[in-house]
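Student: Chain by chain, the residues run as shown.
Protein chains: 2
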Amino acid sequence: MLSALIFFKVRVKLIMKIKKIEDVNPEIPQMPGTKDVSLQWLITKNDGAPHYAMRIFTIEPGGSIPVHTHTNMEHEIFVIEGEGIMNNGVSEIPVKKGTAILVLPNDKHGFFNNSDKPFKFICVIPIV
Amino acid sequence: MLSALIFFKVRVKLIMKIKKIEDVNPEIPQMPGTKDVSLQWLITKNDGAPHYAMRIFTIEPGGSIPVHTHTNMEHEIFVIEGEGIMNNGVSEIPVKKGTAILVLPNDKHGFFNNSDKPFKFICVIPIV
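These protein sequences, in sequence, are chains G and X. Note that my numbering has the first sequence beginning at -11, numbered continuously upward. Note that my numbering has the second sequence beginning at -11, numbered continuously upward.
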């Protein structure tokens, strides 16, 4: 009985802390103007994360996130698949798999997938 | 002259905030017992990151990071390439591209690359 309880506890601990991207339901981002974009929350406050959350954005070919800002949070972004355009309000910058981007509070940022394959990036934000 | 200054400012801003993985020098991690592991700091305090830093670990085939803990920080990990084994002090858990892992303070964690290709993951840590 005791060993069964320990096994269950370990199982629960592992299930809570390790997630495969294909097991996380995609959501449609709330931001008005997003087109053909989905969002997966990989690591959140509900998982026990104390300071920041990890999400994945997928922008389908032709899809976009309009240029916007946040006053109260930074983003740390890493492109994990495909390529696209980042618009920082000044320039359109091609970005692709292997590119990291730091977006500070009040920095303008938007994304467009001008390729024919999905454009996917990690985006880490503070838990506020 | 003014336009040259504005251009320079925009250039500096972009250079500071966008990094390609191939442009970041790999370092050897300080931790004793690591074998065939390199570390790239993608987003750091020096880039202006206010709360957390983003690194990439690459473990070559046969390489490893021994099981260890940190008392003062969490890790948020996402496997971007390849596959390997995570050891949480209780079990050896296969992980691969597309897997996210939350390692809380005092959680045991170590990694081993039992494959024949590089095993790469993002690891986000607080700036302490």
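None of these hints come from the bench; they were simulated from the model. Please read all numbers here as calculations on a predicted model, not as lab measurements. Heads up, some of the hints might be wrong.
Under the rule of at most 20 Å between Cα atoms (straight-line distance), these lysine to any residue pairs were calculated in the SDA-like manner [as the list claims (entries may be wrong)]: (1) G:Lys85 - G:Pro49; (2) X:Lys8 - G:Ile6; (3) X:Lys85 - G:Ile6; (4) G:Lys105 - X:Lys85.
Student: Starting from Lys85 (chain G), check that the Cα of Pro49 (chain G) is at most 20 Å away, please.
Tutor: Since the Cα atoms of Lys85 (chain G) and Pro49 (chain G) sit roughly 15 Å apart, the hinted pair holds (cutoff 20 Å).
Student: Please verify whether Lys105 (chain G) and Lys85 (chain X) have alpha carbons no more than 20 Å apart.
Tutor: Holds, at roughly 18 Å.
Student: With the threshold set at 20 Å, check whether the alpha-carbon distance from Lys8 (chain X) to Ile6 (chain G) stays at or below it.
Tutor: violated, 27 Å
Student: Check whether the Cα positions of Lys85 (chain X) and Ile6 (chain G) lie no farther apart than 20 Å.
Tutor: Holds, because 12 Å separates the two Cα atoms, which is no more than 20 Å.
In summary, the one numbered hint that this structure violates is 2.
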